[in-house]
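Whenever a hint applies, use it, and build me the whole structure from the sequences.
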Amino acid sequence: MKLSKIYSVGYWEFTEKVRTKSFLVSLVLTPIIMIAMGVLPTLMGLKESNEVKTFAVLDKTTQLMPVIERSLSKKYTFDDGTPMYKFRNLASDLGSEKALDKVRNEILEEELTGLFIIPQNVFTEKKAEYYGLNVANVRETERFFSMLEETIISLELGKNGIDSSLYAKISTPIDKKLVKVTPDGQENETDFLQQFASGYGAIIIVMILVITSAQLLVRSLLEEKNNRIMEILLSSCSPTELMFGKLAGLGTLGLFQAIVWMGMAVITGIVFEKNFINIANLPIILLFGISGFLLFASLMIGIGSSVTTEQEAQNITGYIVMLAVLPVVFILPILQEPSGTIATVLSYIPFTAPMIMSSRIMLQTPPLWEIALSLASIYSSMILFMFISAKIFRVGVLAYGKRLTLPEIIKLLREK
Amino acid sequence: MLQVDSISKTFSGGFKAVNSVSLSVNSGEIVGVLGPNGAGKTTTIRMILNIIAPDQGSIRINGKHSTELSKDIIGYLPEERGLYKKSTIGHTLAYFGSLKGMDEKTIKQNTAYWLERFNLGGMEKRKVEELSKGNQQKVQFIAAVLHNPSLLILDEPFSGLDPINQVLFKEAVSELKEQGKAIIFCTHQLESAETFCDTFFLINKGERVLYGTLHDIRKDFYRNECEVGFLGDVSYLSRIPHTTLKSVNGQTAILEYDSTIDFSTLVKQIADVMTLTRIAKIEPSLLHIFMSVIQGNVQKSNTGDFQ
Chain U
1 MKLSKIYSVG YWEFTEKVRT KSFLVSLVLT PIIMIAMGVL PTLMGLKESN
51 EVKTFAVLDK TTQLMPVIER SLSKKYTFDD GTPMYKFRNL ASDLGSEKAL
101 DKVRNEILEE ELTGLFIIPQ NVFTEKKAEY YGLNVANVRE TERFFSMLEE
151 TIISLELGKN GIDSSLYAKI STPIDKKLVK VTPDGQENET DFLQQFASGY
201 GAIIIVMILV ITSAQLLVRS LLEEKNNRIM EILLSSCSPT ELMFGKLAGL
251 GTLGLFQAIV WMGMAVITGI VFEKNFINIA NLPIILLFGI SGFLLFASLM
301 IGIGSSVTTE QEAQNITGYI VMLAVLPVVF ILPILQEPSG TIATVLSYIP
351 FTAPMIMSSR IMLQTPPLWE IALSLASIYS SMILFMFISA KIFRVGVLAY
401 GKRLTLPEII KLLREK
Chain Y
417 MLQVDSISKT FSGGFKAVNS VSLSVNSGEI VGVLGPNGAG KTTTIRMILN
467 IIAPDQGSIR INGKHSTELS KDIIGYLPEE RGLYKKSTIG HTLAYFGSLK
517 GMDEKTIKQN TAYWLERFNL GGMEKRKVEE LSKGNQQKVQ FIAAVLHNPS
567 LLILDEPFSG LDPINQVLFK EAVSELKEQG KAIIFCTHQL ESAETFCDTF
617 FLINKGERVL YGTLHDIRKD FYRNECEVGF LGDVSYLSRI PHTTLKSVNG
667 QTAILEYDST IDFSTLVKQI ADVMTLTRIA KIEPSLLHIF MSVIQGNVQK
717 SNTGDFQ
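First to last, the protein sequences are chains U and Y.
Here the first sequence stands for residues 1 to 416, numbered as in my numbering.
Here the second sequence stands for residues 417 to 723, numbered as in my numbering.
Treat the hints with care, as some may be off.
[As the list claims (entries may be wrong)] Some but not every residue of chain Y turned toward chain U, in silico, with C-beta under 7 Å:
1) PHE431
2) LEU465
3) ILE467
4) LYS487
5) PRO494
6) GLY498
7) LEU515
8) LYS516
9) TYR627
[Claimed, not checked] In silico BS3-like cross-links for lysine-lysine, where the CA-CA straight-line distance does not exceed 25 Å:
10) LYS17(U) <-> LYS502(Y)
11) LYS541(Y) <-> LYS17(U)
12) LYS524(Y) <-> LYS593(Y)
[As the list claims (entries may be wrong)] Label pairs and their calculated CB-CB ranges:
13) ASN453(Y) <-> LYS411(U): 23 to 31 Å
14) ILE698(Y) <-> ASN227(U): 40 to 48 Å
15) LYS411(U) <-> SER438(Y): 28 to 36 Å
16) ILE35(U) <-> ILE580(Y): 54 to 62 Å
17) ASN453(Y) <-> ASN227(U): 18 to 26 Å
18) ILE580(Y) <-> LYS411(U): 43 to 51 Å
19) GLN364(U) <-> LYS521(Y): 49 to 57 Å
20) VAL28(U) <-> GLN525(Y): 37 to 45 Å
21) ILE284(U) <-> ASN453(Y): 39 to 47 Å
The hints are simulated quantities; they were obtained by calculation from the structure and are not laboratory data.
Beta carbons: idealized from backbone N, C-alpha and C, even for Gly.
What follows is the structure, given as structure tokens:
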């Protein structure tokens, strides 16, 4: 085996693939799509529409609504200072049903968002009603009802001779600060979203790296087999050199891709002032990414050399891709308990180990021996697969037009 | 240069693709490897290329056992053409060159030389898929000779080429022969092989059935027939002893003669009775030899190894 030949193959695989348009597109588009999928729904949910909403209110007590209206218009305003909500008070002697009849059409025609009814006995019974076309707009109703509660409480307190400003003081919510403990003592403030983003991001990056590079590998093998370039290659180097060259080239490509994506994540973090990535962990995550690639690639290269059409390849690689996607299913238990049983077991199973371990390292770095054991599990199965694949590869790459059958493969493996 | 000594290869299904085949190729020699489809040509070539290992026998290059390292001094043009469609000519050739252990500078020089030579000068940056079929073949040919190999294996190098490009290729191969390359030339086109090769190697059903120069091979296939051009009445010709008149076409006749009679005596006898304008032994064509050997083989195996 000559290193220079492995280098030639690797150099070619890397430089040719890195130049293709599809690679560049996926390099840029994948993280954008990921961010879009993760962030956009949240952003859209948070964003307030800048439309003034008008509610009808039937306040049978007559004393609550002026206070509530004043507080709400002060608390919830648009950027230009105008209040978000407008209220139209209905005559307090109206019955509930009459009031609803009166505004029903306006609600149906969406001129009014809804109707709040505050009964006379609200102080004792603690009951109020809301009628609207959409009762799922929790934000508005929640704001109104909690303001109603606060108003009732401070009025009641006042009646009992307690200063209502005291209530405001004691009812201020506690500002929660979540700090992640790290061995180097540089504790950083963090929150669940950041934890989620980093744990999830690690899994996704490693997974996409593994899947895309392993599929590139199969495709490049198939192209060479079908174009008969294989004959020229094998008249210049040995199958083993070719195999390792491809692994090296496409592995580098995957590494390059992962580094670019991590760079993008770090920059995103800086721009949004969310430090969800601990840069010190990146090298070890890259190590797991590359190990994962080598493991899956060692399987894929045997498959790629034994099939003859893209369709056959997709059928079989589909199952392997599913193995690589498996960790996503376990994302929640792992985020909740990064050192729990599920996470620990999965980080020793070779196929899930690369993704799960990267995620755990991001969340709560496990002891070194666990990391080492996980790597050992990946690499021992990788060596086994590589040994099997190399045998299939030698024969498979020259078998045109006919897929190697399972008995043929078993026979091959038995040969010395 | 190349010494192949009774190599055999049996595939896993028990199919004996090549059975104890020997041949040698010297520097400056073109050996034509001929044989019907499935005769064992590709397997033989793959063994010479060290892509598959023979079960028995040895392959020596320059006196040394062929190893992985020998691949660097062999150039190969496969029968079925294939190149990376989306890559440029320059990159493709640089890749194949570097796999043969060439350095960057030599690759650049040789690429420029050969592209110029095949009227593709300055097209390094063009993508392979943008080229015509003939031009793609040229690139493939260049890939086989770029590293200045001592042994060149060309499998059907002229198939699919227009006449102008065929001439271009033939000139290039002759030039390589002049430079002392050992060349193996596999083909089905017997006419081109006849004029092109020094030595012929015919393989059928995995076995060597003919091997030697055209002269050697023909020796066994002369049919004792001659073509006679004459003036006058053909009836004189039919009266010559020990001969049979096979056909007459105007002033030309094909005459078969007994092996008991010597050719020069025959010429004299004819000249004695009529005016002779032309006489020549009929040389068996390669096609004729090819057909009779292969068909003879078929008959033999039909009766012989019936299992």
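Structure-based check of each hint:
no., hint, verdict
1, PHE431, "violated, 14 Å"
2, LEU465, "holds, 5 Å"
3, ILE467, "holds, 5 Å"
4, LYS487, "holds, 6 Å"
5, PRO494, "holds, 4 Å"
6, GLY498, "holds, 3 Å"
7, LEU515, "holds, 4 Å"
8, LYS516, "holds, 6 Å"
9, TYR627, "violated, 24 Å"
10, LYS17(U) <-> LYS502(Y), "holds, 10 Å"
11, LYS541(Y) <-> LYS17(U), "holds, 17 Å"
12, LYS524(Y) <-> LYS593(Y), "holds, 23 Å"
13, ASN453(Y) <-> LYS411(U): 23 to 31 Å, "holds, 27 Å"
14, ILE698(Y) <-> ASN227(U): 40 to 48 Å, "holds, 46 Å"
15, LYS411(U) <-> SER438(Y): 28 to 36 Å, "holds, 30 Å"
16, ILE35(U) <-> ILE580(Y): 54 to 62 Å, "holds, 58 Å"
17, ASN453(Y) <-> ASN227(U): 18 to 26 Å, "holds, 21 Å"
18, ILE580(Y) <-> LYS411(U): 43 to 51 Å, "holds, 50 Å"
19, GLN364(U) <-> LYS521(Y): 49 to 57 Å, "holds, 54 Å"
20, VAL28(U) <-> GLN525(Y): 37 to 45 Å, "holds, 38 Å"
21, ILE284(U) <-> ASN453(Y): 39 to 47 Å, "violated, 57 Å"
Hint compliance for this structure: hints 1, 9, 21 are not met, and every other hint is.
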